[in-house]
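Chains as they are written, first to last, in the working numbering: chain W, 1 to 369; chain P, 1 to 259.
To be clear, the hints were calculated from the coordinates, so they are not data collected in a lab. We treat Cβ as the ideally placed atom computed from N, Cα and C, and that holds for glycine. Errors might be hidden in some of the hints.
Stated by the list, open to error - The calculated label-pair distances, taken between Cβ atoms and stated as ranges, are:
#1 W:172 x P:127: 55 to 61 Å
#2 P:59 x W:210: 47 to 53 Å
#3 P:93 x W:263: 21 to 27 Å
#4 W:263 x P:127: 47 to 53 Å
#5 W:172 x P:93: 17 to 23 Å
#6 P:57 x W:18: 54 to 60 Å
#7 W:258 x P:137: 33 to 39 Å
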Amino acid sequence: MTATLTPVKKRSALTKGQLPKWAPYLVLGIALVLGAAILALIGFNALGWGLVSAIIFAIGLVGWSGAVEGSRRAKDKLATCLVVGAFLIALLPLFSVIWTVLVNGLPGLMDPGFLTTSMNGVTGAFDNKTVEEGAPVVGGIFHALIGTLLITVLATIISVPVGLLTAVYLVEYGNDRPLARAITFFVDVMTGIPSIVAGLFAAAFFFAVVGPGTKTGAVAAVALSVLMIPVVVRSSEEMLKIVPNELREAAYALGVRKWRTILKVVIPTAISGIASGVTLAIARVIGETAPILVTAGFATSINYNVFSGWMASLPTFIYTQILNPTSPSNPDPSSQRAWGAALVLIILVMVLNLGARLIARMFAPKTGR
Amino acid sequence: MSKRIDVKDLNVYYGKFLAVEDVNINIEAKSVTAFIGPSGCGKSTFLRTLNRMHEVIPGARVEGEVLLDGDNLYGPGVDPVTVRSQIGMVFQRPNPFPTMSIRDNVLAGVKLNNQKMSKGEADVLVERSLQGANLWNEVKDRLAKPGSGLSGGQQQRLCIARAIAVEPQVILMDEPCSALDPISTLAIEDLINELKDQYTVVIVTHNMQQAARVSNKTAFFNIAGTGKPGRLIEYGDTHTMFSNPTQKATEDYVSGRFG
Chain W
1 MTATLTPVKK
11 RSALTKGQLP
21 KWAPYLVLGI
31 ALVLGAAILA
41 LIGFNALGWG
51 LVSAIIFAIG
61 LVGWSGAVEG
71 SRRAKDKLAT
81 CLVVGAFLIA
91 LLPLFSVIWT
101 VLVNGLPGLM
111 DPGFLTTSMN
121 GVTGAFDNKT
131 VEEGAPVVGG
141 IFHALIGTLL
151 ITVLATIISV
161 PVGLLTAVYL
171 VEYGNDRPLA
181 RAITFFVDVM
191 TGIPSIVAGL
201 FAAAFFFAVV
211 GPGTKTGAVA
221 AVALSVLMIP
231 VVVRSSEEML
241 KIVPNELREA
251 AYALGVRKWR
261 TILKVVIPTA
271 ISGIASGVTL
281 AIARVIGETA
291 PILVTAGFAT
301 SINYNVFSGW
311 MASLPTFIYT
321 QILNPTSPSN
331 PDPSSQRAWG
341 AALVLIILVM
351 VLNLGARLIA
361 RMFAPKTGR
Chain P
1 MSKRIDVKDL
11 NVYYGKFLAV
21 EDVNINIEAK
31 SVTAFIGPSG
41 CGKSTFLRTL
51 NRMHEVIPGA
61 RVEGEVLLDG
71 DNLYGPGVDP
81 VTVRSQIGMV
91 FQRPNPFPTM
101 SIRDNVLAGV
111 KLNNQKMSKG
121 EADVLVERSL
131 QGANLWNEVK
141 DRLAKPGSGL
151 SGGQQQRLCI
161 ARAIAVEPQV
171 ILMDEPCSAL
181 DPISTLAIED
191 LINELKDQYT
201 VVIVTHNMQQ
211 AARVSNKTAF
221 FNIAGTGKPG
231 RLIEYGDTHT
241 MFSNPTQKAT
251 EDYVSGRFG
């Protein structure tokens, strides 16, 4: 018998009839050049360039693949192009928003004292002076930042116990009883309540109970918790549901009472999901404008007391700065402050989202040997 | 530290569905009793009625009496929590608490009930329980690590350690080896042999060799057809059940000629 020789080949027979790895990059390069050329004929703009190049890229790659690799792989490439395209389209507004807010908001944020002073005593005269004589923009968002934080913290303090206990009832005790079904239904309805209605409810409630014209941070917190509670209930419910029944049974079999099982086994197992759900609920309400306008009013000075007096918040600050500039004849400084506040608000929401991930990781059941 | 169980005329229902019918059985203290039978014949359901765990499922109820050394588990005013603290259970799939360390898993029965225990007492209990479950040598250096990091067989022995840490009278095991490899199974069978010196052990198994190896007495359950209730067909010494059963169905089942 002859000794078996290892055949020396450049390409494996198993990868025959495939496009080389660099094919998509080549097509992309050609598409970009072609796109630029076409756009140059009819007048160049970046959005059109991207769009035309994307279409040329898709047609080119799918066509080439169809010719070399056959129709199954061509369809695969087409699907990949569509998925990536949809992803890019979805990202576009997000990046556009972040970019716009960054560009417009950074100058405001860079002003000394923007984060540490309030609008107390800042009048139109200052803004006129800024525009006419180039004096620095004065005034800041400290009062609004404090208001937003205090109102949101109070709303969280109200919503989390109510929401978590509701979820515990639904999952552990509800058993599909009529009451549980009714609660689920109304929670779903609450999710859809327009935020202004929640604001009106809180305002009307406090007008009736405390007295007409009651506008304080606490009223706003109640309005926000009306929006927050359904989100907390829903996310906690989902998290409690995925705790395996085996763990509950394991605890029962050790002679542990139901409420202790819930408190010490079920909730700790689900805590990471619950915590991140709560953080996302906070992120959801921190940017609410309408309910705060009708419940906490609008203030230009620092107010640390949520139970008395009007209170500013970042969203209402942005709203009033844009709609009623401090100096009606020179709105630019007000607009700069509004963009700065918008940037701070977005950063807050981002930090909250990152916090949610961090919390989820911190509380997650530990693995490892 | 072990009690006998006597069951009289027990019917188990899920809602209106009669799952297990008319069971009479006397389970001796300090012995191993195996329940065998085809899937769906109600042996796990029946096992769970012995420590009132079936009540966790909505709609489940029983008629009849289960006597633990003469005290009816289903008597008026009996708290299922008291019952379960006397009759422990090990489940089919190992289910250590994922949020707790190995040590805390063993102490779970104590800690979850907020009983006060000094660190010294706790250390003694942890070591004794893990020794009892033949797991001490494997985990003594990593008691603070999470229990979910152990292998399947080790996790199951951890669950047994957790069950014996509360010092029950009876230990129920619902197919404790069905998710384990032969070596882990052997470890658990050895453990069951040791446990019977102190506890009354009741084990549900699909593995007839296992029943023959570990049990003193065997009960064979069968079902007449889908939708019909499961019944206790025959109950006797394991040796007799496997060599010379009185019922035709038992003989067919243990010799593998069933169905």
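Verification of the supplied hints:
no.: 1; hint: W:172 x P:127: 55 to 61 Å; verdict: 35 Å, violated
no.: 2; hint: P:59 x W:210: 47 to 53 Å; verdict: 48 Å, holds
no.: 3; hint: P:93 x W:263: 21 to 27 Å; verdict: 24 Å, holds
no.: 4; hint: W:263 x P:127: 47 to 53 Å; verdict: 28 Å, violated
no.: 5; hint: W:172 x P:93: 17 to 23 Å; verdict: 21 Å, holds
no.: 6; hint: P:57 x W:18: 54 to 60 Å; verdict: 55 Å, holds
no.: 7; hint: W:258 x P:137: 33 to 39 Å; verdict: 36 Å, holds
The earlier numbered hints that this structure contradicts are 1 and 4.
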